[in-house]
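Here the protein sequences line up with chains L and C, keeping their order. Here the first sequence is numbered in our numbering, starting from 1 and rising by one per residue. Here the second sequence is numbered in our numbering, starting from 1 and rising by one per residue.
Derived by calculation from the structure, the hints in this document are not laboratory data. Here the structure is a predicted model, which means the values were calculated and not measured. Backbone N, C-alpha and C define an ideal beta-carbon position, used for all residues, glycine too. Be aware that one or more of the hints could be misleading.
[Stated by the list, open to error] Have a look at the derived ranges for each label pair, beta carbon to beta carbon:
hint: 1; chain 1: L; residue 1: Gly17; chain 2: C; residue 2: Pro26; range: 24 to 30 Å
hint: 2; chain 1: C; residue 1: Arg39; chain 2: L; residue 2: Thr46; range: 38 to 44 Å
hint: 3; chain 1: L; residue 1: Lys70; chain 2: C; residue 2: Arg37; range: 36 to 42 Å
hint: 4; chain 1: C; residue 1: Val131; chain 2: L; residue 2: Asp49; range: 55 to 61 Å
hint: 5; chain 1: C; residue 1: Pro26; chain 2: L; residue 2: Ala6; range: 33 to 39 Å
[Said to hold, decoys possible] Residues from chain L that keep clear of chain C, each with C-beta distances beyond 12 Å, as calculated:
hint: 6; residue: Met9
hint: 7; residue: Arg15
hint: 8; residue: Asp18
hint: 9; residue: Lys60
hint: 10; residue: Lys70
hint: 11; residue: Thr73
hint: 12; residue: His86
hint: 13; residue: Ala143
hint: 14; residue: Ala164
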Amino acid sequence: VSKDEADEMLMLAYRAGDVRAFERLVARHEKPVWNFIRRFVRDPTTAEDLLQEVFLRVVKSADEWRGSAKFSTWLYTIARNLTVDHARRAVHRDATSLDGPERAGADATLHDRIASTAPTADSVASDRQARVRIDDAIAALPADQREVFLMREVMEMPFAEIAAAVGASEPTVKSRMRYALEKLRAALVELAGDLPGAAESSGSG
Amino acid sequence: MATNCEDVSARIVELLYGELPADARPDVDAHVAGCARCRRELEGLEKTRAVARTALDDSPPPRARAEILRRAAEHLAAHKPVAAVAAAVARVAEGKAKKTIETERASFWSWLRSRWTLPSLATVGAVAVLVVASRQLLEPEKLEYRGSPEFQRSARAPAAAPPAERAPVVQPAPPPSAAAPSPVDKDEGRWQQPKTSSSSRGARHRSAATPKVAADAMSDEKRGGSGDGRLERRFAPPPPPKSASKAEQDDPMEGLDGFTGEAAKPSKPAKAGGPGASLGEGAGFGMTGKADRKPEKERAAEAPAREAAAPMARSTAPAGGGMARPAAPAAAEPAPPPATLAAPAPAPSPPPPPPASRPTPRHDAEKKASKRRPAAAADDESDAPADKASSKGKASAETAVERANRLFTEGRWAEAAAAYRELLRRDPNNSEAARWRQRLAAAEAAQEARRGEQIRDPERVPSPPR
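Isolated chain C (complex conformation):
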């Protein structure tokens, strides 16, 4: 018996708890069996354990378990995804990593795509549409300013860029011919009637600024902007809406809210539809207002001139042509906005409106417009002379001013710019100098814009007169 009491005492804990190595057990058992002291020791500890165990049998309050389970369920509900991810991580750790990762990634992307990507793209698209739309819709507001020199100065660049748009504006105004001839007779008739009698109404709608615009418009009209307008319109159908809106405003029937109601404006232009129609309408509007002012003689004279110019007008772009036409309508009624569109418009005494170029289709409308012009001219004193001159003169001699204005109206920006430059050089203190500068700037800007446009869309480049 190699095992003594010391050995047993050293291993008594293992003996008590059944952890005595199997190879040591026989010797220990043998010693204890033969040693009363060791046996007592062992029994004493076993009894102590037994007593202790009776004291270590408490149960926790039931509410504790309930609370634990409640919170365990909460956690499970709140962190299931996390648990899943963690599980995936565990899998990775175990070696399935690569596959797992790929799977997870793929599922993640698909989830992202299905849930957020599409909505996001949709949102971006919607925002883009809003931005574009708001620009166009908000422009009408600017119309009032545009008439003013300040605006033109500040907004020179913009004006140049959107020539096409401006043009539309102008168109409505010029041909007062409410008349009948225009293809769009239905609409026109409706509009015109109001217009005719509406000049007064227009006035009422107009804000303080309107007068200026009107003046400008008239001057433009004289120049024969209508022709340009038509061309422009062709290129940029959308813009007309604005002008149309103006027209509407002018027209009592249409709804005076034109100025305020931006949204409404666009729709009206639509009415104008074809260039001819638009001209007719515009003419109607503008004419009415102007008609009263301009002498018929002048109108008549202008008409032809305009038509002749028509081809050229095409080339006119944005600022000049557009402005001219709008002006006319404006003059007739609140319409001025169109004029405003055109950079030059602001000047109260626009240079003699040169006969604008007009497409043949418009003839009727234009003629009417021309008839009315005289009236308009009356309003615009400074313009009046110019008008006359221009009308006479297209064929013969034009004054330098007339020529510049005509070139401007026709959208021959480079030439117009040169002409105004020359005017300013020769007579920088002229009462019209401010206007010349504006037009010079507008022409330069328009030139720039056209250049850019041509690059972008060659088809849009004004084509030669039909």
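Isolated chain L, as found in the complex:
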């Protein structure tokens, strides 16, 4: 029995009135959803509200969910849609879009940021520093690349499912994934100068 099948069983149990089953589902999926949200919503409180909203949407839509559908895909698609919608509205409110300027010259911008934040090119970043850097780098990704990267890395969704969730073709999704990975690697080059192929790949990317 795969994990997803277990998800489906739990969901059916909840729909039949078993709140404990839902608790297990939440425990199992809250982390991926949370990490996805957090890369789109910087404010922790807002991110928390969004997390609750996602699961409440699941609760309210429980009766619409068809047992034949994969629960995790359904859940993550809900999370993605709510989060992206929210982020879009936030962008409209806040002129300082994260990906606006970076879209135009992503490479340069990312490079500049990494250069400016790096204490020294040779220094070895601490774990804390590495995390800060990677967070920044992920946040710096264009939204369409970021969501694909997160869905693949955090939610572990197959490219086909991601394609269905975001409404793009599978090749397009893979391409976005490739760009996202290259940018992140470039961002980490200076943090970990010894990352193999960093210079070359960034150029070839």
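Given chain L, put chain C in place with the hints provided.
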């Protein structure tokens, strides 16, 4: 090695995430193994992924999960039924539809039935009972008006319809005979005594309107309404209650609240029980009051006449007969209400009350009533003459007025209507014209009502005198 660096670069994402098609895997693996550049590229991305993953391992605040679960439980509690329905819908969608639908429907109806239908029906029934009861109970209130011409005019139709009811009212009044003879002696005795002395009391209870009523009642009595009353009563036992109530009012002992207390009224009529009894009682009441007024002579004379008329009275229906009797009681005491019941009652100077028809059983009571009548007559000046005439005259010549009144009292509506019509035609300006018109209207209405009644319930049709 068909696979070159370009090919590997194009599929490197698939390679990284294990989605490389199985048939392509061998070639790609072979190229990477032999190509340092491609290998570096792949390793670089794998390390990037590893670093990124360390940053993507945050956990949400525990309170978030608690809140989610709380709301999930709430939703479950609040929407279980909905969930069930949705589940049913899903089942339908899956093909079990028809059966499911039928099941759902059946269960729904059974649920509806068990939970709401019965209570609903019960409520409807209760309301219906209340409406019917309130009509009857509330009528007593109308009694006061009925005596008045205005009311009669306006309520002509109604009066006609419920003839039977009216009759009862009348009955109590007429035979003043508090007397003893009536079968219901116990009650009567009780009542009568008060009555006798009660005329004064009755007065006190009566409202301003009462006097009129009393007058009417007297006139009615003279006519011999009592007989009619009896008949009517037989047909419509329920109505008597009202009259009884009136009687009660009159009677000091009984409880003066009669007028006000509607509920109480009904019960008393019950006492009257049989027609005879009721007559006796009524007579007692009415008589007392009237007795003082009417000369005994007249009473005596009337009595026989009434009895003779009794048979006819039966046919009398609603308005006329009923009124006459009630009037008597009213006269005696506040009782007027009975009179009011009868449409004609209002007129202060009712036409000479013709001897009403009376059933034999009542004889005693009636006689007593007749005795008292004289007194009543005294009160009712206009009536007085009529009474005398009627008493004398039943046998011999009656005046046109007397005849009309008698016919009316006897419930011979068609004839009474014709008689009044003739009176009005001949003497439209007579001081009694208003009363005639009222009675004409009442008679016509009663005629109509009787027609309807006969159709509904042939048995109720007044039967010939016993």
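If you check each hint against the structure, which ones fail?
Violated: hints 1, 7, 8, 9.
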